[in-house]
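> Here is how the chains run, residue by residue.
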Amino acid sequence: MGDIVIEIDNVSKTFRDFWLKPVVKAVQTLSLEVKRGEVFGLLGPNGSGKSTTIRMLLGLTRPDAGQIRVFGKSPSTSLVRAKIGYLPEQSYLHPFLTARETILYYAGLSNLDRKTAIKRTDELLEMIGLSKVANRRVGDFSKGMSRRVSLASSLVGKPELLILDEPTSGLDPVSTKEVKTLVKALAEGGMTVLTTSHLLADSEDICDRVAILDSGCKIAEGKIGELGQSLEEFFLAKVGNVAEFTLADFLK
Amino acid sequence: MTFFLELKSLIRSKTLLLMILAVTLWMIAVPFFIRTDGTEEGARYVVSYYSLAGAIAIVAISVAAAAAASLSSERAAKRLQLTLIKPVSYLSIALGKILAITLIASIPLGLAVSISAFRNADKNCRHVYSPVMESPRQEAERMYKAYMADPSVSEQIKKARKSSVIAILTQKAYDHYMAVPEKGGAAWKFNVPKEHALKNASVRIRFSDAFSLRRDVQGRLEFGGRTAFVTNITQAVVEMPLVGKASQGEELKFINDGESQLMLRPRRDIELLFEADSSVLNHVRAWVVLVAMMALVASFGVFLGAGLSRPVAVWTILVSLFLSLASPAVVEQYPHALEIGLGDAIGLALSRAVGAITNPLTQFSPVNALANGECIEYLHMSMALAIDAVLLPFILAVFASLLMKRVKT
Numbered sequence: 001m002g003d004i005v006i007e008i009d010n011v012s013k014t015f016r017d018f019w020l021k022p023v024v025k026a027v028q029t030l031s032l033e034v035k036r037g038e039v040f041g042l043l044g045p046n047g048s049g050k051s052t053t054i055r056m057l058l059g060l061t062r063p064d065a066g067q068i069r070v071f072g073k074s075p076s077t078s079l080v081r082a083k084i085g086y087l088p089e090q091s092y093l094h095p096f097l098t099a100r101e102t103i104l105y106y107a108g109l110s111n112l113d114r115k116t117a118i119k120r121t122d123e124l125l126e127m128i129g130l131s132k133v134a135n136r137r138v139g140d141f142s143k144g145m146s147r148r149v150s151l152a153s154s155l156v157g158k159p160e161l162l163i164l165d166e167p168t169s170g171l172d173p174v175s176t177k178e179v180k181t182l183v184k185a186l187a188e189g190g191m192t193v194l195t196t197s198h199l200l201a202d203s204e205d206i207c208d209r210v211a212i213l214d215s216g217c218k219i220a221e222g223k224i225g226e227l228g229q230s231l232e233e234f235f236l237a238k239v240g241n242v243a244e245f246t247l248a249d250f251l252k
Numbered sequence: 001m002t003f004f005l006e007l008k009s010l011i012r013s014k015t016l017l018l019m020i021l022a023v024t025l026w027m028i029a030v031p032f033f034i035r036t037d038g039t040e041e042g043a044r045y046v047v048s049y050y051s052l053a054g055a056i057a058i059v060a061i062s063v064a065a066a067a068a069a070s071l072s073s074e075r076a077a078k079r080l081q082l083t084l085i086k087p088v089s090y091l092s093i094a095l096g097k098i099l100a101i102t103l104i105a106s107i108p109l110g111l112a113v114s115i116s117a118f119r120n121a122d123k124n125c126r127h128v129y130s131p132v133m134e135s136p137r138q139e140a141e142r143m144y145k146a147y148m149a150d151p152s153v154s155e156q157i158k159k160a161r162k163s164s165v166i167a168i169l170t171q172k173a174y175d176h177y178m179a180v181p182e183k184g185g186a187a188w189k190f191n192v193p194k195e196h197a198l199k200n201a202s203v204r205i206r207f208s209d210a211f212s213l214r215r216d217v218q219g220r221l222e223f224g225g226r227t228a229f230v231t232n233i234t235q236a237v238v239e240m241p242l243v244g245k246a247s248q249g250e251e252l253k254f255i256n257d258g259e260s261q262l263m264l265r266p267r268r269d270i271e272l273l274f275e276a277d278s279s280v281l282n283h284v285r286a287w288v289v290l291v292a293m294m295a296l297v298a299s300f301g302v303f304l305g306a307g308l309s310r311p312v313a314v315w316t317i318l319v320s321l322f323l324s325l326a327s328p329a330v331v332e333q334y335p336h337a338l339e340i341g342l343g344d345a346i347g348l349a350l351s352r353a354v355g356a357i358t359n360p361l362t363q364f365s366p367v368n369a370l371a372n373g374e375c376i377e378y379l380h381m382s383m384a385l386a387i388d389a390v391l392l393p394f395i396l397a398v399f400a401s402l403l404m405k406r407v408k409t
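In the order they appear, the protein sequences are chains V and A. Residue 155 in our numbering is what sits at position 155 of the first sequence, and the numbering runs on without skipping anything. Residue 406 in our numbering is what sits at position 406 of the second sequence, and the numbering runs on without skipping anything.
Simulated from the structure, these hints should not be mistaken for lab results. Among the clues, some could well be false.
Cβ-Cβ distance ranges computed for the label pairs, FRET-style [claimed, not checked]: (1) Val398/A <-> Gly139/V: 27 to 37 Å; (2) Arg142/A <-> Leu20/V: 50 to 60 Å; (3) Leu402/A <-> Gly47/V: 54 to 64 Å; (4) Ala386/A <-> Gly72/V: 12 to 22 Å.
Positions of the beta carbon are idealized from the N, C-alpha and C atoms, including for glycine.
Using the sequences and the hints, build the whole thing.
Written as structure tokens, this is what we have:
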């Protein structure tokens, strides 16, 4: 039991309109377990329920049915929140803060004392290669630089569980490789990582196990090598073929 | 942490700079376009009143907009969710924002109050005392009993709802006119502590706005061995210094030497003023009260922003600010709902509700007192601090944190 970090047990979530009429069944009877030190990939097409699952894991929304436990507790408790680092799909940074201030802000929210926070911030700035521009406002940063700051912010509290939503989105190939190496290193250090990605090759490189979601349902789960074929072939076989696009008349 | 974040946001977005510029310009410009009655006192009052009221309006509107937008814009930009998933209490997030916005508001307010203090540095403030009388409500209850016992009062009035009749009678009691006959006199009791009673004093009387009712006024005022004379009234409000050897007094006597009777509302129209501490110290107390008021505005804005989208939250708080200022005037103009239609009755009930909720905000406003050179009493300041800056913001912050829990993303 102590080795299981995330337990999702028969969880369902339906979004409703103002009159409580169901609009979207985002997640349906989903069950998952993620073990300590594992890199787990949550894969699926747009609208498959990945983001909703992550939001439930972060305690940002509650399931309608079923149970979610992170480190054996409800994800909305502050004890659990202290152990989670989260990198959202886009970098939602405060544009008027500098890179250093941004990381220090999240260090403060993670209850680090001032001295430790400064030390950790300097280390992380060095790690993401932004030490030289640490005092520039993040509002002036490129997408890739903002992404690095977000990644550093998610790591500043030394989380035991790292949730990465499309971690390589917006990064150039060199940075993508660096992130993948970092994730592997973090997992080797004992950190549990849950990641979502549209880039199946990325998942193949870093994940120990994956679950494939489609329309809110889990359609497959297993180790990369155990799924039989390449992840892309398996994914397309399970989720569906690529649409046959025909060139529109106005483009001809 | 949210305190420092909000502080940096308000400074770096130039909100603070714009507030300081707007307040400074307003405070400096007012004397150039305000018309006064030509007297030094009148000019002092009008300039103080309009410059401070305008500066407070600028700060209040800025604080309201900034506070309402604070949480709502962070939520819209999805930055709030990154804060909410951290091990920090939602209450501390709300309180941090309220504290930061209040601190920022205190700077332009301090500037406005400093300019006002500089203009009035030569005058000490005064303690103000009104006659000791039964409360308007008590007088209303007494009148109600008398009406009920009076056989000449129509049955229709006797059948009316007691609370409505009491509301009318309370207003009447507050406006109760007392006739001081020609060549006659009247006396009112005052409860003035000894340490104040021996200081320089004056009497302030408000006469009817109608010149015909005050043109023949002539009389003598006596309090604790000191005397003041009132004659040839051209203004509706006059202040007469009491001269002579001071001693502890309890009664203010008015001897009407004029040719016609004089109508006065003792609860509203007669006040004794005793010189107190420096105007500068009084302005410091006023600043504390104003900062407390802004804490209340900020906390209401943060509360709205926790549950509503940015445009709706900003619109709601600006309308609420307007209503909170307008509702006392509406309620005073139409104090009871007996003789008005259903639509007006609903409007009046709404105005009363807004008035009751926002009472602390308007009740403690020190602008009129400062313009009149009256002391902001320490008790008054402490109550403003306790209610406007501590109790209500804390309650609103609790509600804001509950809303944040419900409306997380």
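> If a hint holds in the structure, say so; if it does not, say that too.
Against the structure, the hints:
About 33 Å separates the C-beta atoms of Val398/A and Gly139/V, a value consistent with the hinted range of 27 to 37 Å. Checked against the hint of 50 to 60 Å, the C-beta distance between Arg142/A and Leu20/V comes to roughly 55 Å, which is consistent with it. Hint check: Leu402/A to Gly47/V, Cβ distance near 31 Å, so the stated range 54 to 64 Å is violated. Checked against the hint of 12 to 22 Å, the pair Ala386/A and Gly72/V fails, with Cβ atoms roughly 44 Å apart.
Consistency with the previously given hints fails for numbers 3 and 4, ordered from lowest to highest.
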